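> Given the coordinates of chain A, work out where chains B and C should sit on it, guided by the hints.
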Amino acid sequence: MHKILRVLGLKWSENLEYRGDIILWTIADALVPIVALTIWYTVSLSSKQGFPPQEILTYYIFAIFVRAITTAWGGYFLAGEILKGEIVKYLVRPLSVFWIHAAENITVKVLRLILPLVVLGLILWLKPHFFWPTVYDPRTIAFFAISTILAAILLFIFDMVSAMLAFWLEDVMQIREYQSMLYEIASGTLIPLAFLPHFAQKLFNFLPFKYTLSTPLEILLGRLSPFEIWQQLGIQLIWITVCTTAITVLWKKGLKIYAVPGQ
Amino acid sequence: MPFLDNSLHLARVWLAIVRVSIIREMEFRANFILGLVRQIAWLGIFILMIKTVFANTTSLAGWGQNEVLIILSLSRIIEGFLNTVFSRNVAEVPQMIQAGTFDFILTKPMPAQLYASFRRFKVDSLANVVAGIVLLIYALTQLPTLPSISSLLIFMLVSLLGIAVFYSLLIIVVSLAFLLERFEGFYAFTNMFSEPLTVPFDIFPRGPRLILTYLLPLAFVVFVPAQALTHRLQGWQVIVSIVITSIFLLLAHLAWRSGIRRYSSASS
Amino acid sequence: MSTVIETKNLQKTFRVHRKEPGLWGSLRSLVKRQYETVEAVKPTSLSISKGELVGFIGPNGAGKTTTLKMLSGLLHPSAGTATVLGQVPWQRSKTFLKQFSLVMGQKNQLWWDLPLYDSLLLQRDIYEMPKNDFEESLDELKKLLDLDEFLKIQVRKLSLGQRMRGEFAAAFIYRPKVLFLDEPTIGLDIVVQKKIRDFIKQYNQRHQATIILTSHYLDDVRELCKRLIIIDHGQIMFDGLTDDLIAKHVNHKSIILTLGQAVPKEDLVQYGQVIKYDLPTVELRVPRTKTSTQAAALLTKFSINDISIEEPSLEDVVRELFTSKDYA
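Those protein sequences? They're chains A, B and C, same order as listed. Mapping of the first sequence onto the numbering used here: position 90 corresponds to residue 90, and the numbering continues sequentially without gaps. Mapping of the second sequence onto the numbering used here: position 257 corresponds to residue 1257, and the numbering continues sequentially without gaps. Mapping of the third sequence onto the numbering used here: position 182 corresponds to residue 2182, and the numbering continues sequentially without gaps.
Check the hints yourself; a few may be wrong.
Derived, one-sided and incomplete: chain A residues facing chain B with beta-carbon distance under 8 Å [said to hold, decoys possible]: (1) Ala28; (2) Leu31; (3) Val92; (4) Leu169; (5) Glu177; (6) Tyr178; (7) Gln179.
As a list, the in silico EDC-like pairs of lysine to aspartate or glutamate whose alpha-carbon atoms are at most 16 Å apart [what the hints assert, rightly or not]: (8) Lys2195(C) with Glu2140(C); (9) Lys1122(B) with Asp2113(C); (10) Lys2094(C) with Asp2125(C); (11) Lys2157(C) with Glu1027(B); (12) Lys2157(C) with Glu170(A); (13) Lys2098(C) with Asp1005(B); (14) Lys2094(C) with Asp1005(B); (15) Lys2177(C) with Asp2133(C); (16) Lys84(A) with Asp2113(C); (17) Lys2152(C) with Glu1027(B); (18) Lys2177(C) with Glu2052(C); (19) Lys2201(C) with Glu2140(C); (20) Lys2201(C) with Glu2052(C); (21) Lys2194(C) with Asp2146(C).
Just so you know, these hints were derived from the structure itself, not from any lab. Source: prediction; values computed, not measured. For each residue, glycine too, the CB sits at the ideal point set by N, CA and C.
One chain only, chain A, in its complex shape:
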């Protein structure tokens, strides 16, 4: 356990050195939901049915936060490391490669959330009617927080699973591009899932992406009944379990057939 803490500490000082970079990345990542926000907000202003502007606003502003908390990039680096043969350096270390990437993930997120959280806190405090009313209910916030954390774990692990494909596929990066494309549409970023035709919504229920963004947001906006909340949290847990199993299996299998590329 203290090994993990030490890695966390190391990653912390590593990341602090490159402070400008982190700020940039945070802003860049927030742009997709911001642009989607302006589209759907404009739509909601002129649309009679559908969702009121305030709900759209709440959805997307919190989407920025959920994304900031849940995005995972370790898989990209891990896939690259597998392709280039660099994972051998991890295999001789006492700490698993996943924990190292997880530590990096956590420290960067903590760093880049400091300012946005302060801003959010200020808005919540100074403008109590800015957001959709359910946001101000402590129970809702609690479930939202739990769901978001589960979403973060899920996306991180899922990201790692697809990285495993690097053991078998040279074109793994292309596959990962498909994955991020699917993420943007199936998570509810480009289009809030409720706007999609029913067959699409049903389809996306079977993919993990919905549970990495839409689910926590739906909880936050009070769109789920108490039973449904527990159900969705349960599905998140199931997906986490599935992905963790997948990683364990694929990692072992992958290492067996792994021929270190390069020399």
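Just chains B and C now, kept in the frame of chain A:
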């Protein structure tokens, strides 16, 4: 005539690069096809998004569905072109600096900014251009009136200006790489700049719209050409376009030069 | 002999920010950074003539790479002047750039997914080589570097040794007059190192190219460089012939004996310092001036089956220089 000689030299090198890039791409047929399908899929997703929007409203800040499709298709064409010719090359500069291979760019007998920007021709991004053209033709034919010849000429002019503006923005931002020590976020910037390009800028509130027109002039890359094609562009806007492009090209040159100067004094 | 490379009081100082250790230190540097100045290269003057193959050696951080980078035009000096082929390197004129080349060990400029041949064709266009010159140069390189075996194979499929030979081909194809080789053999196996060393030597002889080589492998330097420049802490500690260095700075030679009969150690100490006493082999370190007399004395006094006299190696010299700080 050194200017002419140098320009011919650069053109010859660039053509050689294009030829070699196409050869390279043919080696990776599977990857190329996967990329092709993916780019078409993205187009499909955006079309789905537009259709969903217009299932809920009849006009998006004054733009009808076909007109929004025009914006989308232009964004694919222009972004595809940018990615093929230089965006991705510029995006690689920060990691080249980190890896120490940027020095190879500086030792070549040509302007470093040009070589760094155009040294690869990324054929796989061309699919966006083709898909965009198909969509554009479709969307144009759905308009009540086709654009006139003069509109088309103005469209081509502002498109070129828009490309020059985007190029300048990339160079300005990448010059930051010489200042910061690590700049992995650059890829995020290219995505960031591309993100608002797919939508009509009229949906942005006044503040952001002004910023995106005069401070970070992304409006000129896709939106203004789209305005040209849909009878929305006025004469004075073309003049503004020319002025802004010139300013940003100059800023880019200065930013790069200052960046290189820093690199040449600070890198050990 | 015409001077090709000349520097006068060339100097380079850097501002480096100091990283403070620990959690508190890194938080502090988030707000305010501490800088300190590093004098990488102290005012240096040197002069290299056409066709010389000069070695730059020194410990890590001595300033070798910094000096090379200034001569390559990659770095602007803090003070002083330099000219290479009559041009100021950091002005990066086209004339200068077309006539010089830089090879950096373990750093690649070849297109990863293309055969070497295509990268060379591209170099031809970049350096505006006439067709005949290119063909001639390619033929020569094919012979000297054994390129035929992998010329048409994609670079990413090549072994490290082949890749480095490819990098050399790309660097030499346009027949540069001045070359800077920064650790070119690092990480390569002995066979490839030798091939590359032979190539550098032959190219230098054939074309009178002026070459500066930095290397941690003293074999490179010993075999290739008649002239040696030793740099430490940004200063030139020695600039002269390699042989002179050895002669001047190491005042001893080694006498290696294979004894016919066992001799106790104490009996040998009067003849010189006993370095190795591993019967029947004995190594004595003897002052240079006394070597022949001591050798003769040993031969008469003891029963000796074999005797040889050895020069100190370049490694010995460098080790002494950098530990004892004994400079001319």
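> Each hint should be assessed against the structure and marked as holding or not.
Here's how the hints hold up against the structure:
1. Ala28: Because about 3 Å separates Ala28(A) from the closest Cβ in chain B, which is inside the 8 Å limit, the hint holds.
2. Leu31: For Leu31(A), the interface hint holds, since the closest Cβ of chain B sits about 5 Å away, which is under 8 Å.
3. Val92: Since chain B brings no Cβ nearer than about 24 Å to Val92(A), farther than 8 Å, the hint is violated.
4. Leu169: Violated, about 10 Å.
5. Glu177: holds, 6 Å
6. Tyr178: Holds, because the Cβ-Cβ distance from Tyr178(A) to chain B comes to roughly 6 Å (cut-off 8 Å).
7. Gln179: Violated: closest Cβ of chain B sits about 11 Å from Gln179(A), beyond 8 Å.
8. Lys2195(C) with Glu2140(C): holds, 15 Å
9. Lys1122(B) with Asp2113(C): It holds: about 13 Å lies between the C-alpha atoms, which stays within 16 Å.
10. Lys2094(C) with Asp2125(C): holds, 14 Å
11. Lys2157(C) with Glu1027(B): holds, 13 Å
12. Lys2157(C) with Glu170(A): holds, 14 Å
13. Lys2098(C) with Asp1005(B): holds, 15 Å
14. Lys2094(C) with Asp1005(B): Within the cut-off at roughly 12 Å; holds.
15. Lys2177(C) with Asp2133(C): holds, 14 Å
16. Lys84(A) with Asp2113(C): holds, 14 Å
17. Lys2152(C) with Glu1027(B): holds, 13 Å
18. Lys2177(C) with Glu2052(C): holds, 11 Å
19. Lys2201(C) with Glu2140(C): holds, 14 Å
20. Lys2201(C) with Glu2052(C): holds, 11 Å
21. Lys2194(C) with Asp2146(C): Cα-Cα ~13 Å, so holds.
Violated hints, in rising order: 3, 4, 7; the structure is consistent with all others.
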